[in-house]
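Chemist: Now for the letters of each chain:
Protein chains: 2
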Amino acid sequence: MKSEITIGLLGFGVVGSGVATILHEHQADLSYKLGVPVKIKKVLVKDATKKRDTALAQETFTTDIDELIEDRSIDLIVEVMGGTTEAKEAIERALRAGKGVVTANKDVMAESGFDLLKLADENKCDLFYEASVGGGIPLIRTLEDGLASDRIRALTGIVNGTTNFILTKMKHEKKTYEEALAEATELGFAESDPSADVDGIDAARKMVILASLAFSTEVHMDDVFVRGMGVIQDGDLELAEHFGYTVKMAGSAKKDEDGIEVAVEPVFIQNSHPLASVNNEFNAVYVYGDAVGETMFYGPGAGSLPTATSVTGDVIAACRNLLLGVNGKRMHAPQFTCEVKNDSQIIGRYFHRISIKDQVGVLTNLSSIYSKHGASIATVVQPEGKPNNEVDLIMITHHISRQQHQNILQDLQQAPEVNKVISYYRVEGENR
Amino acid sequence: MKSEITIGLLGFGVVGSGVATILHEHQADLSYKLGVPVKIKKVLVKDATKKRDTALAQETFTTDIDELIEDRSIDLIVEVMGGTTEAKEAIERALRAGKGVVTANKDVMAESGFDLLKLADENKCDLFYEASVGGGIPLIRTLEDGLASDRIRALTGIVNGTTNFILTKMKHEKKTYEEALAEATELGFAESDPSADVDGIDAARKMVILASLAFSTEVHMDDVFVRGMGVIQDGDLELAEHFGYTVKMAGSAKKDEDGIEVAVEPVFIQNSHPLASVNNEFNAVYVYGDAVGETMFYGPGAGSLPTATSVTGDVIAACRNLLLGVNGKRMHAPQFTCEVKNDSQIIGRYFHRISIKDQVGVLTNLSSIYSKHGASIATVVQPEGKPNNEVDLIMITHHISRQQHQNILQDLQQAPEVNKVISYYRVEGENR
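Sequences listed follow chains A and B, in order.
Reading the first sequence from the start, the letters are residues 992 to 1423 in the working numbering.
Reading the second sequence from the start, the letters are residues 992 to 1423 in the working numbering.
Hints may be right or wrong, so weigh each one.
[Claimed, not checked] Calculated pairs, PhoX-like style, for lysine-lysine (alpha carbon to alpha carbon, straight line, at most 20 Å):
hint, chain 1, residue 1, chain 2, residue 2
1, B, K1115, A, K1024
2, A, K993, A, K1115
3, B, K1024, A, K1115
4, A, K1024, B, K1109
5, B, K1411, B, K993
6, A, K1024, B, K1320
7, B, K1109, B, K1079
Bear in mind the hints are in silico, worked out from the structure with no lab data behind them.
These figures come from a predicted structure and were not determined experimentally.
Bound conformation, chain A alone (with noise of 0.2 Å):
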């Protein structure tokens, strides 16, 4: 048996600081869970000799990778480097090493996940990725061994602590959407450049992991439908809170017998949905299983702690495995092919906001659209006109498919009597 865990630690930021000063501050419960004490032994840092607010030794930082790779006492390797090129090369070289890996690096994992978890087991090592997903929350794992003996469904998520942040100050303190952004900004919520974040691209990356282990199936980037929060118009958060839906950036992740279903986009949640009332910078995942049926967990998705909590408890499962000699044990291949289905098979209901002509007839035309295309329409709404004789006029489809929405689209674009569709959103979390 060994007589200490020795870790060699990749990145030194906000999260690899909290790694490490959480390591520090709880050693002897470490020691007391382990029977042996958890110790990190290298620093991987792009400046060794910066004072830094540690306890640890000024010589354990180094700008050296092989110092890590390469020395035999290491036995797990700890990546919070973040990126993408360099961080994967440094998890593939531990992984062939021998030695295991933890990670929060979402982009890494979302991008080659199966190839450096084939490696992993290639090589008989752990690799770990809780924090990948959902900051301090356990979902990685609750997806993994909690609900493993249940069917999950579907899989909705707010796993983006910036947009979620701003779409709520937008809608409880009335902020404008560049108002909002700016004090994400300023709290650290929002990167100085938010593109990956209010496109999407964040969450789709968080939930190709969550669909993956969910539906134990390989699910890509290219899989994910993905509309950025930029479609908000003025209004629509108004809107949605009149007909008692509260707008959402939401990752959901469907499967049924045709197949899987992967989106990130801005929705409408009524709010009577546990999803609703998940506010600031909070993430939250809202799981449908077969047998369980609904259950969510909530918590902080970012920030050094709650991060490193996760990071940690990684740490913890990867040196018991190592203790007890069972590392590298997880079987990962995943059981299914990745069916993904397509729009004509993608079905819900969906909210128009849609600029029109207030004249004669405009309303049978217009719902004359909706049904060539099948669709029935569930609520009309047409307020009082502008000044300028114009009016939003508001449908609400009863199920209908991304196809058929997408063909209704088109159709109103070039209806005469529509200035131009305002808006629209997927209704989501509905059939509950």
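Position chain B relative to chain A; hints supplied.
Modeler: This is chain B only, laid out in the frame that chain A set:
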């Protein structure tokens, strides 16, 4: 390596039949996940000849527990028979026979969990009990693994579905307690004798299990402060709503430098707190950790298939350990001795509803009672008097100890201006 895992099932009621259903319907998935099939070999029941709607063969059922315990080919005992003495004895016998045990029995785990876990350790067997708390929500696993690296400070839970269902119906549908209880009974959410639920005993058992794990200590039923929902008076729910709160039967466990406190009681929860919108028969546990901050785990707290999902999740974990030869390697001995705080160390805010005589000087006299005991008042509301010259006075205190609160109550009850203290509640979840 074993070529299959063989299970003996104790009990075939609501949960037991759910376990059999999941193991049967998901057998291909389970074989894939574990590499070997999982089979139920024997089921202990009261009447082995009864016709049952199940895929299991008639000869699987037996009334003789020895057929399970003494069958060396049975690897794992799943105890879902309920009750206390008999179930505990069965678990003990199984562990002594070297079999792993999965149980859904909160009564046994709350009462004898430490002894049984110790026995499991001594016999190098696994004893898993995810289903004992929170039905289908993976709480035990989350506290043991997901948040393993964190230090949990507080855990607040709606862990009894019956009382939550009743309170939801009373609040949202304005039903009386009796009407709501009748509906809960009809829908199968309440037992024919609902006293363990409404008196808080069921929730207290679950809090014993959760608090012990969260704080790595030995909490016992005697350590829990329990107040049943019978103290809720007509009009209290509306008053709570008026002040921005929701009344919930909640369990709370906290730890600070003075020690721990565990309570189950009806409390006022601020409407903005995620627990306030946990409705109907759903359960949720809100966990506050030093590093992770706020997390919440939500789902069905009971029911055949949800609970069976947790049981079967445990079965998979136990099978995996058996196949890897690392069963019984979990260290269960609590890290800390349990120091329960006394009433002077337990701090909270309180809501008081006091029927007073509507006369000059009453507010001065009553508020002097609060100041005499060192309590400052956050809110006073004295509505218009009733025809009979009585009036309900509302006082919400700042933070005081439970001892101060009890002293104030005693003095209030003896004050000549007071008809009676109609009701009082602790205010929960404000200092997030």
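Chemist: Would you mind marking each hint as holding or not holding in the structure?
Modeler: Evaluation of the provided hints:
1. Among the hinted pairs, B/K1115 with A/K1024 is consistent with the structure: their alpha-carbon atoms are about 17 Å apart, no more than 20 Å.
2. About 18 Å separates the Cα atoms of A/K993 and A/K1115, which keeps this hinted pair within 20 Å; it holds.
3. Of the supplied pair hints, the one linking B/K1024 and A/K1115 holds, its CA atoms being roughly 17 Å apart against a limit of 20 Å.
4. Of the pairs offered as hints, the one joining A/K1024 and B/K1109 holds, with about 16 Å between alpha carbons and a cut-off of 20 Å not exceeded.
5. Restraint check: the Cα-Cα separation between B/K1411 and B/K993 comes to about 69 Å, which exceeds 20 Å; the hinted pair is violated.
6. The hinted pair formed by A/K1024 and B/K1320 meets the criterion: a straight-line CA distance of about 11 Å does not exceed 20 Å.
7. Between B/K1109 and B/K1079 the alpha-carbon distance is near 14 Å, which keeps this suggested pair within the 20 Å criterion.
When held up to the earlier numbered hints, the structure conflicts with hint 5 and nothing else.
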